[in-house]
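Student: Whole structure, please, built from the sequences with the hints as guidance.
If you want the building blocks of each chain, they are given just below.
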Amino acid sequence: MRRLTWDRITSIALIAPSVIAILLFVYGFIAFTGFASFTRWNTLIPDFTLVGLSNYWKLFATPRFQIDLRNTATFTVLFLAACLVVGFMLAVLLDQRIKGEGVFRTIFLFPMALSFIVTGVVWRWLLAPGTAETGSLGVNLLFEKVGLDFLKSGWYTDPRIGIGAVVIAATWQMAGYTMALYLAGLRSIPDEMREAARVDGASELQIYRYILIPFLHPITLSALIILGHISLKIYDLIVSMTGPGPGFSTDVPAYFMWDTTFRGNQFAQGAGIATIMLLVVAILIVPYVVYTVRTEVQR
Amino acid sequence: MMTARVSPRKPIRLQQLLIYLALLIACAFFLLPLYLLLITGLKSFEEVRLATMWSWPTGLHFKSFVEAWFGSEAKGFLGLSGSFFNSLYLTVPATLISALLGSLNGYVLSKWKFRGSNGLFMALLFGMFIPYQSILIPLVKVLQGVGQVTAPLSTAILAMPVPDGLGWFPSWLAGFVPAYGTIGGLILAHVVYGIPITTLIFRNYYAAIPTELIEAAKIDGASLLGIYRRVLFPLSMPGFVVVLIWQYTSIWNDFLFGVTVTSRPAVQPMTVALNNLAGSYIVEWNVQMAGALLAALPTLLVFIVLGRFFMRGLLAGSLKG
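Residue numbers (our numbering), protein chains in the order written: chain A, 1 to 299; chain B, 1001 to 1321.
Honestly, the hints are just simulated from the structure, not real lab data. Source: prediction; values computed, not measured. The beta-carbon is built from N, C-alpha and C at its ideal position, and this holds for glycine as well. Each hint should be verified, as a subset may be incorrect.
A few chain A residues that face chain B, going by a derived Cβ cut-off under 7 Å, partial list only [to be verified]:
hint, residue
1, Ile-15
2, Ala-271
3, Ala-274
Among the chain B residues that face chain A by a calculated CB cut under 7 Å, a handful are [as the list claims (entries may be wrong)]:
hint, residue
4, Leu-1023
5, Cys-1027
6, Pro-1033
7, Leu-1038
8, Ile-1039
9, Leu-1096
10, Leu-1124
11, Ser-1134
12, Asn-1276
13, Ala-1278
14, Ser-1280
15, Ile-1282
Tutor: Following this line, the structure appears as C-alpha cells:
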C-alpha cells in the first residue's frame, strides 16, 4: 500500500488548480448549458422554468437549422476528402527525395499559422465572382485572362455550391496539416520494407497500394478525427468569408448558435444548438481519446 | 594523384520533372492568397481598381498599411494599432501562464502517476476538443460575476495617483483585472482552455525522459518540487518552445472568445478588429488586405523562423507525442 507522503500531497496540490478549473469551466459549464437548453430562458431575463425538450423540437423544425445540419454534413465530407487527398499527394511528392523539401514544406504549412479570419478575408476577395458592374473579380478574372472561362463560378454567392467555396479556403488552410502527418508517417516506415518489396518485383505504385497506404491507416484515422472535429465547429472562417450566405447556403450551427444567443438573446435555444454540437463532437472524440490513452498505457 | 570521382550523368527523368511540376502548381495554390495580399497592400490608392487586381503595383506604396494601422478619421474608422497591442497584452501572459501550468501538470501526470491519473488525463484532454459554443453562455455569465467581485480592485487601480506622463498606466493595468469585457477576462479564458493541450504536450515530452533520473534524484533526497526545479525544468526548454509557440499562435489567432468576451473596441483583439475592418463598407479593400497582412505577420514570422517547433506542436495536437 502506498503511503500518503509529502511528495504525494505536493503532487495533488500542483495539479489541483488545473483540475478544478477544468472541472468548473469545462464540465460545470457544459452541465449548465445542457440545463439551460431545457428551460424557457429565451429573453434577456433568465427564466429557468423547465420546458423539457421543447427547445429541441423547435430547433429541428426550424428550416435554418435543417439547412445548417445539411451544410455541416456537406462541408465535413468535402473538407475531409479534399484535405486527405491533397495532403497525401503532397506528402508522397515530398517523399521522393526532392531538392528544397524544407522550402516546399514551409509553403504548404504556413497557412496553418494564420487565423481563420485572415484566411476568410483573403478568400472572400479571391472568390468574389464580381457583378455586371465590376466585371469578373478574383480567380474568375484570373481564369478569364488565361482562357479558362469554363472554370468561372459564382462561388459562395451561388447557393448551390456556396459551402464548397468555403471548403476551398478551409482546405487551403488545413491541407498542410495532413501533409505533415502523412509525411511523418511515411518517414517512419523503414526503407528496408520498400527495398524488400522492390526486390520482390513490386512496382512503385504497388508499393504504395499494398505496403505504405495500409501502414498509414492509423494516421488517416487521426487526421479524420482531428479535421472532423474542426469542421463540425467551423465558425471563424464563415464569419469572415461569407456570413450565412444567400438562403443560409453557407450557414453552420456554430454561426446560428452565436446569432441566436448573443444577437437574438434566445439563450435556451442557443444552448440547445451548442448541446447538439457537443454531442456530435463527443461521439467522434470520446472513443478516440479513450482509445489513444489506453493503448499508450499498454505499450 | 586523386582519382576524380566520375559521377554518372543521370538523365533527367520525365518522372522527376513531373514531380517538380506538380509541386510548383501546389505552391501556386498556396501562395496565391499571400501574393494577392502583398500586391494589393502595396498599391497606391489610385491604382486600386478591382478590374486590375492582379496587376503589379507601380511602386512600393505603404499608404494602405498606414491607414490599416492608424485608421482614418476622415473616413471614420479605427485602425488596427490599438487591437494589436490588446492582442499582445493578452497573448503574452496567457501563453506563459498556460505553459507553466501545462508543465507542472505534465510532470505530475507522467512521473507521479496515481490511481486514476489516466482517467483524469482523459477528462482533461476532452476539454481540448469540445466546441466552445457549449461553454460560452456560462463563461459570459461567470465573467460578469467575477467582474462584480473584482470591480473594487479596478476602481482602486484607476484611482491610483500617478506622476505626469504615466496617465495611461492605471487604465492599462486595470485592463488585466479579470471581468467580462476586459483583457484579464480573456486571459483567464485562454489559460483555462489552454490547459488540456499544454498538459498533453508536456506529459508526452516528460514521458520520454528516463524515470531513472527521477529515481536517482529521489534517492538523493530531493523532493517533488526539487526534482522539478533541478532535474526536469532544465531539460524542459524544447518542450517549452513547442508549447509557447503553439499557445502563442492559437491565442493570437482566436476569434470566438475575443468576439464573445469583448464588446468594446478598446479591448478587442486583432482578429476581431480585422473582422470589423473587413466587414465595413467604408474601408477600401486594399486597406482590408493590408490589415489582414498586418494581423497575420506576428504569427507568420514566428512560423517562418521557428517552423520545426510549430510542426511538433501540430503533431502533438493529434495526441501523438
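Student: Of the numbered hints stated previously, which ones are contradicted by the structure, given in increasing order?
Tutor: Hints 7, 8, 9, 12, 14, 15 contradicted; others consistent.
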